[in-house]
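K.L.:
Sequence:
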Amino acid sequence: MKNYLKELNDQQRIAVENYQGASLIIAGAGSGKTRVLTTRIAYMIDNHIDAFSILALTFTNKAAQEMRERVETIVGVDAKNIWMGTFHSVFARILRAEAFRIGYPNNFTIYDTDDSKSVIKAILKEENLDPKGTYKPSAIHSRISACKNSLIKPDDYENNIELMDSDKSSGKARFIELYRKYNARCFRSGAMDFDDLLLNTYDLLNNFPDVLYKYQHRFNYVLIDEFQDTNVVQYMIIKKIAASTRNLCVVGDDSQSIYSFRGANIRNILDFEKDFPELKVFKLEQNYRSTVNIVEASDNIISNNKYRLPKKLWTNNAAGNKIKILKADTEADEANITAFNILNLHKNENIAFSDIAVLYRTNAQSRAFEEAFRRLGIDYRLVGSISFYQRKEVKDLLAYFRFVINPADEEALKRIINYPARGIGDTTFAHLIVFANDNQCTIWDIINNINAFEISNRIKTVLTEFAFMIKSFQIAVKQKDAFEAAKQMSKESGLIRLMSDDKSPEGIGRFENVQNLLSAIKAFTERENTEDKSLAAFLQEVSLLTDADNQDFKTDKVTLMTVHSAKGLEFRVVFVAGLEENLFPSMMSVDTREELEEERRLFYVAVTRAMEKLYLCYATTRFQWGNLRYCEPSRFLDEIESKYIEYNAGAKQGKIKTPEIKTSTVQRKPVLPVRKPLFVNPDFKGDDVSSLQTGMNIEHNAFGNGKILQIDGVGDSRMALIYFDKFGQKKILLKFAKIKIV
DNA sequence: CGATCAGTCTTTTTT
DNA sequence: AGACTGATCG
Numbered sequence: 004m005k006n007y008l009k010e011l012n013d014q015q016r017i018a019v020e021n022y023q024g025a026s027l028i029i030a031g032a033g034s035g036k037t038r039v040l041t042t043r044i045a046y047m048i049d050n051h052i053d054a055f056s057i058l059a060l061t062f063t064n065k066a067a068q069e070m071r072e073r074v075e076t077i078v079g080v081d082a083k084n085i086w087m088g089t090f091h092s093v094f095a096r097i098l099r100a101e102a103f104r105i106g107y108p109n110n111f112t113i114y115d116t117d118d119s120k121s122v123i124k125a126i127l128k129e130e131n132l133d134p135k136g137t138y139k140p141s142a143i144h145s146r147i148s149a150c151k152n153s154l155i156k157p158d159d160y161e162n163n164i165e166l167m168d169s170d171k172s173s174g175k176a177r178f179i180e181l182y183r184k185y186n187a188r189c190f191r192s193g194a195m196d197f198d199d200l201l202l203n204t205y206d207l208l209n210n211f212p213d214v215l216y217k218y219q220h221r222f223n224y225v226l227i228d229e230f231q232d233t234n235v236v237q238y239m240i241i242k243k244i245a246a247s248t249r250n251l252c253v254v255g256d257d258s259q260s261i262y263s264f265r266g267a268n269i270r271n272i273l274d275f276e277k278d279f280p281e282l283k284v285f286k287l288e289q290n291y292r293s294t295v296n297i298v299e300a301s302d303n304i305i306s307n308n309k310y311r312l313p314k315k316l317w318t319n320n321a322a323g324n325k326i327k328i329l330k331a332d333t334e335a336d337e338a339n340i341t342a343f344n345i346l347n348l349h350k351n352e353n354i355a356f357s358d359i360a361v362l363y364r365t366n367a368q369s370r371a372f373e374e375a376f377r378r379l380g381i382d383y384r385l386v387g388s389i390s391f392y393q394r395k396e397v398k399d400l401l402a403y404f405r406f407v408i409n410p411a412d413e414e415a416l417k418r419i420i421n422y423p424a425r426g427i428g429d430t431t432f433a434h435l436i437v438f439a440n441d442n443q444c445t446i447w448d449i450i451n452n453i454n455a456f457e458i459s460n461r462i463k464t465v466l467t468e469f470a471f472m473i474k475s476f477q478i479a480v481k482q483k484d485a486f487e488a489a490k491q492m493s494k495e496s497g498l499i500r501l502m503s504d505d506k507s508p509e510g511i512g513r514f515e516n517v518q519n520l521l522s523a524i525k526a527f528t529e530r531e532n533t534e535d536k537s538l539a540a541f542l543q544e545v546s547l548l549t550d551a552d553n554q555d556f557k558t559d560k561v562t563l564m565t566v567h568s569a570k571g572l573e574f575r576v577v578f579v580a581g582l583e584e585n586l587f588p589s590m591m592s593v594d595t596r597e598e599l600e601e602e603r604r605l606f607y608v609a610v611t612r613a614m615e616k617l618y619l620c621y622a623t624t625r626f627q628w629g630n631l632r633y634c635e636p637s638r639f640l641d642e643i644e645s646k647y648i649e650y651n652a653g654a655k656q657g658k659i660k661t662p663e664i665k666t667s668t669v670q671r672k673p674v675l676p677v678r679k680p681l682f683v684n685p686d687f688k689g690d691d692v693s694s695l696q697t698g699m700n701i702e703h704n705a706f707g708n709g710k711i712l713q714i715d716g717v718g719d720s721r722m723a724l725i726y727f728d729k730f731g732q733k734k735i736l737l738k739f740a741k742i743k744i745v
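When we follow my numbering, the leftmost residue of the first sequence carries the number 4, and every step to the right adds one.
Since the hints were derived computationally from the structure, they do not count as laboratory data. Hints may be right or wrong, so weigh each one.
Only pairs whose alpha carbons sit at most 20 Å apart, straight line, appear in this in silico EDC-like list of lysine to aspartate or glutamate [what the hints assert, rightly or not]:
no., residue 1, residue 2
1, LYS395, ASP550
2, LYS395, ASP505
3, LYS734, ASP715
4, LYS120, GLU180
Work out the full structure: start from the sequences and follow the hints.
P.N.:
This is the structure in structure tokens:
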């Protein structure tokens, strides 16, 4: 028997050896899931399975990287050839090769949530809808996202009477229209949002048999980590890819499913059993991570959930310390008590800071801890929801790169066109959008033909200079390597000067971030085993990185992060903060059993991160929206049997007061103007525009029938003034127009 | 067009 | 309390 197999227990080893066919590995917290997955892959390669034919999908980029390293230590360089990554990054890679089939440029941009919301805001503005009323950008976005994650496209949505009716009755009748317009706008910008990466991959496999064939035959073995957190599209995609070989191995723990708000669906596990009736089920129930107290307390917690697969974790580890409950007066007090305990652990028990984590429900809670830690000189690393690449100054420079690579990218253009200030304000940009809409072309097309349009000469000059600069950047990107091109753009755009002029502490921080971005590009171009070192490849990679992917957990610092980002990690000591009603469980999630059970699974995840010591903290008062609130201890604390718990003085007797309920201010409903939806006929064939003359009756691909009132200009600048029956008078640049003579 | 100021709204969680 | 928006003025 191979040496690495000897290190496994019987359940683990069987799960490794049975790599053919469909497998469901139900792996409890701390049961050696990653070890099984990596050993299984190594074992496959040892048994002459071609590394190129293995696809392994993980939850984070970091997990993929670590898994690759671990496989490599067993089987060597072959591990480099395995396709390993997150759903999003692997599919983005596939789409980059195949995007042309669905009408996208291969250098398509990936829109992050901010970009998506900004697109929605722009649409709401054009449609004169109130972004604070019924149509909140974030609400629209999450609804669109939910649709995409459940494979409901605009046509499906419109045909679904239930959805349409519920929109009507809730006053959101125009949602479907916004959904379509949002998609159209992204498409026109050559951009895909996170959900499109999944949906478009699905479409690709579904609509192009040759593509499906190609990937089915390329990936003979598919492995999925954290399967409980996959959503419908993700499952549909892997089902398609694995359909011919049926070698699909999924690993997961239903008790750790914490992403249903993102469309994750525990039902995938049930569907998997139905779709692959031949599957073998393996259960990993021995916990190697935590003490008896922690394992049994976590079992107390999770047994309150009704919906779960039967399994029982056990451990051979020591009984360990009791779980300590810390009661604090305020959030600052909570942070101080935590900091104090951390210093004690560090001094008296010689526990490294890097072995300690503070976990909380919401990112906003980090602040108090940061302050306390700074005051007491405790080094910490903050894993936030905003990654390095989402900081404003970094995104600004990235936007230059994005736009140079994909000049259809409107969101990028919006960021850079007047930054640094060039005297191109909102009004001008709004004009450009109107011109682009009228001409059914991109804003970049308009800028390049700006002389044909009615706009002040000052603006024309500035825009022409801008276009000249962008074109010089485009040449740089073609001729130089990613780093040199990036350096040139950061200088010549004026961004560097803008940053270095700002001598405030924040300004210096921003300047450093931009320098760090350039260093990251440098490192990217010098990296081994990355074949595509273009700036475009760099952009794609960083748009899918999370903050956790960027952290190095090796330096000796205490880790601060949300429970969500702690998934998959473990620490010798864990503090779970803010265990109060309306915070953990969240106020938003106590209305239904399903939501509450998800909060409980989240708490379960938090507790099971701890190896040796666990502290559960709560405060009796907390500042929220500038108001002091009284807090009740979390109901979850009562779910742990008292024999596993040790209270600090008076911890259990929290003051119980009903929190004040903030009454919402009555908002006046905006008057909605009527606007005709625009239907663009994709199959429309225009006549030769040079034959057009004043007085002709014509048909336009988007605006329908009209009459030419006037034509002026020559060459590319030739424009027609047209009166449309449905849209009134418009000035249209003939270069882009699709017009038929009637 | 851009800077400043007042008023509004915010909190889940993330690829 | 702090970020963000929109209105007003230079």
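K.L.:
Each hint needs a verdict: does it hold in this structure or not?
P.N.:
Quick rundown of the hints versus the structure:
1. For the given pair, LYS395 sits about 15 Å from ASP550 by alpha-carbon distance, which is consistent with the 20 Å threshold.
2. Pair hint LYS395 plus ASP505 holds up; C-alpha atoms about 15 Å apart against a cutoff of 20 Å.
3. Between the alpha carbons of LYS734 and ASP715 the distance comes to roughly 10 Å, so the proposed pair stays at or under 20 Å and holds.
4. Taking the CA atoms of LYS120 and GLU180, the gap is about 16 Å. The hint holds against a cut of 20 Å.
Checked against the numbered hints listed earlier, the structure breaks none of them; every hint is satisfied.
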